[in-house]
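> Using the sequences and the hints given, assemble the complete structure.
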Amino acid sequence: MEEQIAQAAQTGDMAWILVSAALVLFMTPGLAFFYGGMVRSKNVLNMFMMNFWCLLVIPLLWVVAGYSLAFTGEGKFLGNFDNAMFKGFDFSTIDPMWAIFLATFAAITPALISGAVADRIKFSAWAIFVPIWSLLVYVPVTYWIYGGGGWLKERGSLDFAGGTTIHINAGIAALAMILVLGKRKGWPEKIPAPHNMPFVMLGTGILWLGWFGFNAGSAGAANGVAAQAWINTLVAAAAAGLAWAITERIRDGHFTNLGVASGIVAGLVIITPAAGFVTSGSAILMGLIGGPICALAVGLKKKFGYDDALDVIGVHFVGGLVGSVLLGFFADSAGLFNEGGFSDGVFFGGGSHLLVEQIVANVVTIAYSFVVTFIIAKALDATIGLRVSEDVETEGLDIREHAETAYTSTI
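First residue of the sequence shown? That's 1 in my numbering, and the numbers climb one at a time after it.
Since the hints were made in silico from the structure, they are not lab data. Some clues are possibly wrong.
Said to hold, decoys possible - Simulated crosslink set (DMTMM-like; lysine to aspartate or glutamate; CA at most 20 Å straight-line):
1) Lys302 to Glu189
2) Lys87 to Glu74
3) Lys183 to Glu393
4) Lys190 to Asp252
5) Lys303 to Glu189
6) Lys185 to Glu357
7) Lys183 to Asp381
8) Lys185 to Asp13
9) Lys183 to Asp307
Remember, it's a predicted structure, so these values are computed and weren't measured experimentally.
Okay, here's the thing in structure tokens:
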């Protein structure tokens, strides 16, 4: 009887991981709608292609070597090839399903960067950048935090679902890319408005839906931790969206759809590193604290002169950083559903140990990702060129890069 119960439990866990993988996979098309609605109409298909390219390239790379290098082995800095081509997996266990679940995370991470370089990057350069960046940046950082002997993991840093490995990593990489790429033509004197807000809101809804698989699926089982992560994903996004909207109303005099959408996504980013490590009350506080911080951060690009077209830095980098640091305060191993096994935060009797380790992991990720991404961008710029010509930028990347247009008129 006990064996049957255990088998049923594993079957349920397998089902949840498969569903979660599908939800996270759906997030990349959702991101395409979110970003696609924010760019000008002449570049919307280019944005879709940049996002879908990640779905074409990264799952293949992940199966061939990415997963094995990011998660296999006991070294401090990088995995090995023991699970290359998914060899060595027992398909009667959860292991291969977990590996393919993680492939969907690897796919959306470089896609996040596309929002910063919108309207001006060569698609050929982007096509090459995605696999190179994933192997040289995403894979090592992921191993450091999640791998068997990863050195940041061994130090005690926490990252439940990718606040550091995905959002801080992609956000700081976006900054490195745009420093090499340069500003859009006419920016900041001319800042184009989103061409299709319904696309943005649709993308927000898809991302929010997918994020339940992203965070709750990261529990690795259909259990209480998954339930806690699910609830926290809901309330943190709602709190941050509300806080962003109120901040915008006070600052600009209006509640806008774009502000609500950005706030929701910021809240989802903020709770990602902490989803299974904090109580629901803490998740709400994190959203309320982080939402206004991200709302204010998106304005820094004008002050400092970097053209982050779709606010990847303000939402993902700052949001991931805020969430990771706040985890150092709010982590609670005796929380409502938690199974423990990690250090408590400052507010729950754990002292400063976890907070220090969160800061160390963030600083290391920022430094490594920025430097390596900058080198990759410079190398691409020096060889095939990173940026489209001025006339291509003026006419639009849809027609010049892809020979297509999103909107046609008929008589």
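> Next, verify each hint and record whether it holds.
Now the hints, each set against the structure:
no., hint, verdict
1, Lys302 to Glu189, "holds, 10 Å"
2, Lys87 to Glu74, "holds, 18 Å"
3, Lys183 to Glu393, "holds, 11 Å"
4, Lys190 to Asp252, "holds, 19 Å"
5, Lys303 to Glu189, "holds, 13 Å"
6, Lys185 to Glu357, "violated, 41 Å"
7, Lys183 to Asp381, "holds, 15 Å"
8, Lys185 to Asp13, "violated, 50 Å"
9, Lys183 to Asp307, "holds, 5 Å"
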